[in-house]
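**Student:** Chain residues, written in single-letter form:
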Amino acid sequence: MIFLETKNLTKKFGGLVAVNNVDFAIEKGKINAIIGPNGAGKSTFFNLISGFHRPSSGSVIFNGREITTLPSDKIAKLGIARTFQTTNLFEQSTVLDNVIVGHRLRTKSNLLDAILRTPRLKAEEAQCREKAMEVLEFVDLKNVATKLVGGLTQEEKKRTAFALALATNPEIVFLDEPAAGVNPDETEGLAELMKKMASTGITVCLIEHKMQMIMSIADKIMVLNYGEKIAEGRPEEIRNNEMVIKAYLGGSAIA
Amino acid sequence: MAKIFKQRNMISLLIVVAVLFPLITNNTYYVHVMTLSFIWMIGVYGLNLLAGYTGYLSLAHAGFFAIGAYSIGILTVKAGMNFWGAFILSLLITCVIGLVVGLIAFRTKEHFFAIYTLCLGYILYLIIDKWDSLTEGVRGLIGIPAPASIGPIKFETEISHYYLVLFFLLLVVLIMYRIIHSLTGRTYIAIRNSEDLAKTIGISTMKNKLTVFVLSTFFAGLSGALYASFVRFIGPDIGAISITFDLLTYLLVGGIGTLSGPLVGTTLIVWLSQQLQGFQEYRMLIFGPVLTLLVIFYPRGIVGAVSSWYTKLISKKDHQRILRPTKVRSGASIEAEKEVKEG
Amino acid sequence: MEILIQQLFNGLTIGSVYALVALGLTLVYGILHIPNFAHGALYMMGGYITLTMMTKFGLHYWIAIFVSIILVGLIGVLMERFVFHPLREAPPIHDKIAAIGILLFLEAFAQFYWGAEYQSMPTPYGQVVQIMGLTFTMQRILIVVAALVVMLLLYLFLKKTFMGATIIAMSQNREGANLVGVNTNKVAMLTFMISGGLAAIASSLSSPINLVFPGMGQLVILKAFVIIILGGMGSIPGAIVGGYILGFSESLGATYISNDYKDIIAFILLVIILTVKPTGLFSKGGQH
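Residue numbers (the working numbering), protein chains in the order written: chain A, 1 to 255; chain B, 1001 to 1343; chain C, 2001 to 2288.
Because the hints were derived from the structure by calculation, they are not lab data.
Just so you know, not all the hints are guaranteed correct.
[Stated by the list, open to error] To give a feel for the contact side, a few chain B residues facing chain A, derived at Cβ under 7 Å: (1) T1157; (2) S1160; (3) I1175; (4) R1178; (5) I1179; (6) L1183; (7) T1184; (8) T1187; (9) A1190; (10) N1193; (11) S1194; (12) L1197; (13) G1202; (14) I1203; (15) T1211.
We treat Cβ as the ideally placed atom computed from N, Cα and C, and that holds for glycine.
Let's have the full structure, built from the sequences with the hints guiding it.
**Tutor:** This is how it looks when you write it as structure tokens:
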């Protein structure tokens, strides 16, 4: 079942075409991956879906609803979460404090609630805290919940970023190079975590350079090169695709 | 040991000291200086909420301070309104102007925002300075009434005025405390930390920034209105950019993005300046470099430095406790972590 | 008609000064992405140093300006080394506050050392010349010509020399420049040196027709910011064109609208620009 879809998605920056006419369909509950050489337009593609850039043309459809021109906070509310390459977390604050605010979008209390300390605010704060603990448990970080993010390992930071995305109650998460800067053992752990996410019904879409990991966990892969989709399919199809091998200069990176 | 430093106890202690202060000193001049400090603190909190907790440096806050002051001045002196009516109206005026300005200002980001507000502050100053028929221009507004009595409570003496200002300051601190320790405050901090990340977790940054801006101008306006009714005379200089820089210095020295920073920084500098009369004119010879050195070495000011030193101390003790097999880990470490968050 | 021409010429004079100040500001912004709020203080220091060199040491106007360029340039380099360089990884709010600290210090220093009163700068070019029935002071003509010469020299330096090329390269892509072996520290210092020098030239040229006082840089720097937002932050031609545009609109505004409010024109222009296009008029791409 098609869950999120892009049609003729195009983004131009001045004269440069970063994403060119890309059609891509993401299936529900699966792990989808986008690969491609540096500068292929992968991150721009993410930015288009999550509302950070407005496409020059084309559309994004989520759950049968057009979301092309929605601002990013509205998109998040619909259940689309994302992470960044650089996690962008607040290093001087604890893991828990970083994650609590992730559930904010599901709450209603406002400034006045805060100033008057209304029961609604208290209830929602408890709710956010509970949600944060729940997702920290899910990503296996409960034991470092009170540590400062600045003192975490790179892998733990990535997990924290996952937790923050999960705290928004997403139906689909976009992960921008989740395993960058993480050693092979830990990469495996992150791959397991992504599988776990998918098994609980959360659709995963990731950008990644680590081919071995992608090939082992992805259900479907799209390859971008110079902003254009050059291939799409199951891992074994991609592995043997000549266009893809050519794009990666001899294909050594793929095998 | 740690219990004594608990934030709640510290606050209670400070309040007691503040309440007893006029009774202890007997020196009306000191009371006068302290009242002025309290008034500045309110304005500094406005700047802190915006710059410290939301990450947007506004250089127009003296302008909003002046709007509050001039509104109440004009409404009472020229329009003959009663004091409290004018007081409330002047706060409203500040907020409305703040809202309009914010709507435009937040189309810009970072550097553009700072430059925009810097220029805006100058426009506000220029309007006050040049619009003679409304503001009396360089002559200034004279004869602003002291706060009218509320029932049996009169505000004619220095001391009663002191308590009135203290009341508003405590109100502002309470509001700040509650905001910072709530989901709403977390939302603002998330925006300061990374606006991109905040957006992806579904925070409407524009709406939140605008709310902060209006509340922040409200504090500045309140501070200005109190100033006008306390000093009873205002000139265009209160809207000059140098006042914004003063507020910024108080905030930076005390600790930007910390709850008690405005109290510490303002008290310290206002008293220092008072002690060194004649120094006033050249104070920036010292405070200028202090400002620069602070952001390089102690970006979170005195309060930030003390609290991180305290955290280190606690974690060292904790560490020793872990090494020595003892029973239960005390609440100290949790508190220390809280300290980091709250400053 | 005569008034119009006179005013256009005045606009050209003011515009030349603005353009020089804005050039320094935009160069620094282009390289380091710092809105240098202390740039106005450099302008002020330039005025005072030239004045002191002339009155205290009896130097000739041009030699005094030369000394001023060197000294103010050095102040710029010190700022870069001891303040902006250590802060390059800090949150963006920090270098703005640090710059404000420097500004406050320099202004207080000027007031302390040279006094708060307005001083006038003597000039060897006080004569008045008649061209086609119009009167011009030599100093104003000098400002226009000197500014053009300085801009031409700057252009040649940036386009024709290796050091200049590295400045351009770095303003286009800092990481890239770093990769291809440009010494970014050196370029940053050089840029601050040039920026300070330009500020010193601008104030030394304009001081004989204006006055020298501790707050002389405040309005100028604000307007320079308006100019570089108008012309695109970091854009060199933008700073020049923007400078002249503002100069003309001010002198015409002062004559035909109101002399009292002429200073506000720049800021209203800015508010309009940022309302319509939050990233400045000629910015490429977006802030994001």
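**Student:** Could you tell me which of the numbered hints above are not met by this structure, giving the numbers in increasing order?
**Tutor:** Hints 1, 2 are the ones this structure does not satisfy, whereas the remaining hints hold.
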